[in-house]
Amino acid sequence: MTTFLQGVSVQVRPEIPAVFVREWTRLASPGSSWDGRQRVEIAAAARAARHGASEPGASLPAIATSAAEILGSTPGRATRIWAESIVSTVGSAAYVELVGVVARASAVDSFHRSLGAIEPKLPEPRAGEPTGEQDRAASPGPAWVPMVGGASIVQALSAVPSEAEAQEDMHGPLYLTYAQMQDLQFVRGLTRPQMELVAARTSALNECFY
Amino acid sequence: MLRASSEVTNAPLDPRAITDPSVDPLLEGGRILIRFVDAVLGSDDPADARSLLAESMGPAAVVDAAGVVANFEMMNRIAEGTGMPVGKGSLARTEEWRALIGLDRYRHD
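Chains as they are written, first to last, in the working numbering: chain R, -8 to 201; chain H, -3 to 105.
Okay, chain H solo, but in the shape it has when bound:
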C-alpha cells in the first residue's frame, strides 16, 4: 500500500526508512511521522514527538497518525497470531522492496 500510494500520488519515497530511521524517507513529514511511531512504540514518553507532529503538521495529523498506529498494533497481532501467509503474487511483486529494506528477516516460513 505504501509503494502503490506513493506511486499514484507521485510522492517521493525512500522505503529504506521503514527499517532504518537514519534514512530520510523523502516523503513530506516522513521523518516526523517515523519519530512519532518510534516514540509511541518505545518506552519513553511520546509527548515531545507528539508536540513536534502537531506543530509541523497539525492536530488532525496527530489523530490520524495515532489511529494508524493503533490499527496496525491490532492488525499486526492478528496477522502474527494467525500465521497469515503472504500470497505468492505479493511475494513476487515485493521481492525487490523486501531485499532493499531487509523485510525478509521477519518471515516465519
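One chain only, chain R, in its complex shape:
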C-alpha cells in the first residue's frame, strides 16, 4: 500500500490524497491498450526522465518508453511528426492512454515535490488484460489524436473514455471542477487571479502554448 504525502506539515484538503489513491489504483490496473505492468512502467519511465535518468520498461516497446520520457520531462518538445510516428507504431488509443498516464503521474509527483514529500512508491501492477475500450465516435480533427465532439482540452483524451474520466477526476481536487472554472471570483486559499497566475507561470515553464 502506497503512502501519500508522508511528512507534510500543512493540512491538505482530504479530496487530494483521496484522488491520489484512486489514481494509483487506476495506474496499476489494465487500461485500454496497456496492461497494469506496462502502465506502471510508463509512469516509471516518465518519473526517471524528470530526474534526468532512464528506466526503460521491460514490457514496453522502446518508442513508448521514449514517448513517456519526453512527455514526462520536456512536454514542450512534442511535435505533430513525433506524435504521428508513435501513433503509427502503437495506435492512437494506446498513445492517448500513454499521454493520460504520464500526465496524471506527473501531477501526483509534482504535488509531493511542492509540499516537500517524497514521491510515492509506484503501485504494484494488477493482473489482467487490456480492455480494448475506445469510443468509436472519436474522429480525426485539428489535434494529433481523434476526439469526440471536436477539439477541446476536456475532450483531449475522449477517444479512451476512462482516460478522459480520470483527467476530470484529478482536475477537481487539484484545481477546480469543470463547473467551478466558470466562477472567475472563486476564492479558497488563493483568489482566482492568483490561481491563474500560478497556472500561467507553470504553463510558461513547460513551454505550453495552449
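Simulated from the structure, these hints should not be mistaken for lab results.
Small disclaimer: the values here were computed from a predicted structure and weren't measured.
Don't take each hint at face value.
Per the computed footprint, the stretches of chain H lying under chain R, defined by three or more beta-carbons under 8 Å from a beta-carbon of chain R, are [stated by the list, open to error]:
#, region
1, 12 to 24
2, 28 to 39
3, 64 to 73
Derived contacts from chain R toward chain H, CB cut-off under 10 Å, selection only [said to hold, decoys possible]:
#, residue
4, Ser0
5, Ala74
6, Tyr86
7, Val87
8, Lys112
9, Trp135
10, Met138
11, Ser143
12, Ala147
13, Leu175
14, Thr182
15, Pro184
16, Arg192
Built from N, CA and C at the ideal position, the CB exists for glycine as well.
Given the coordinates of chain R, work out where chain H should sit on it, guided by the hints.
Below, chain H alone, put in the same frame as chain R:
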C-alpha cells in the same frame, strides 16, 4: 482565464511577469507565487519558496498553489501530447497579450 479573472475581480496585473520573472506581476502575492512555481519546477529544493509562501499567505495558499501547479503539470502534458489547437476566436482575443508576453514562441504550428 488569468486576464478574465483579473478583470472581473479588478485585480491589478502585469502579464509580462508570466514569462519574465524580473517583472512585478502587481497582483497581491504575485512575486511570491511565481517564486514558488519556479522553485517547484526547477532543480533546487523548493523548501525556502514554500516557507515564504506559507508565512506570507498562509498554509491554505501553499496547498492551493501546489494543487494548481500539479494540475497544470497534468494539463500541459495532455495539451502538448495531443496537439491541442487554440481556437481562432481565442487566438484573435489574445493576440495583444501574446505579443506582450512573447507566448507565440511556444506555438507548434
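So, going through the hints one by one against the coordinates:
1. 12 to 24: holds (count 6)
2. 28 to 39: n = 7 at 8 Å, threshold three: holds.
3. 64 to 73: Since three or more residues must qualify, the claim that chain R covers the region 64 to 73 of chain H holds, with 10 doing so at under 8 Å.
4. Ser0: OK, holds: Ser0 of chain R within 10 Å of chain H, min 8 Å.
5. Ala74: Holds: closest Cβ of chain H sits about 6 Å from Ala74 of chain R, inside 10 Å.
6. Tyr86: Since chain H brings a Cβ to about 8 Å from Tyr86 of chain R, closer than 10 Å, the hint holds.
7. Val87: For Val87 of chain R, the interface hint holds, since the closest Cβ of chain H sits about 7 Å away, which is under 10 Å.
8. Lys112: violated (18 Å)
9. Trp135: holds (3 Å)
10. Met138: holds (8 Å)
11. Ser143: At 8 Å from the nearest chain H Cβ, Ser143 of chain R passes the 10 Å test, so the hint holds.
12. Ala147: holds (5 Å)
13. Leu175: holds (4 Å)
14. Thr182: Hint on Thr182 of chain R: holds, closest Cβ of chain H at ~7 Å, below 10 Å.
15. Pro184: Since chain H brings a Cβ to about 4 Å from Pro184 of chain R, closer than 10 Å, the hint holds.
16. Arg192: holds (4 Å)
Checked against the numbered hints above, the structure breaks only hint 8 and satisfies the rest.
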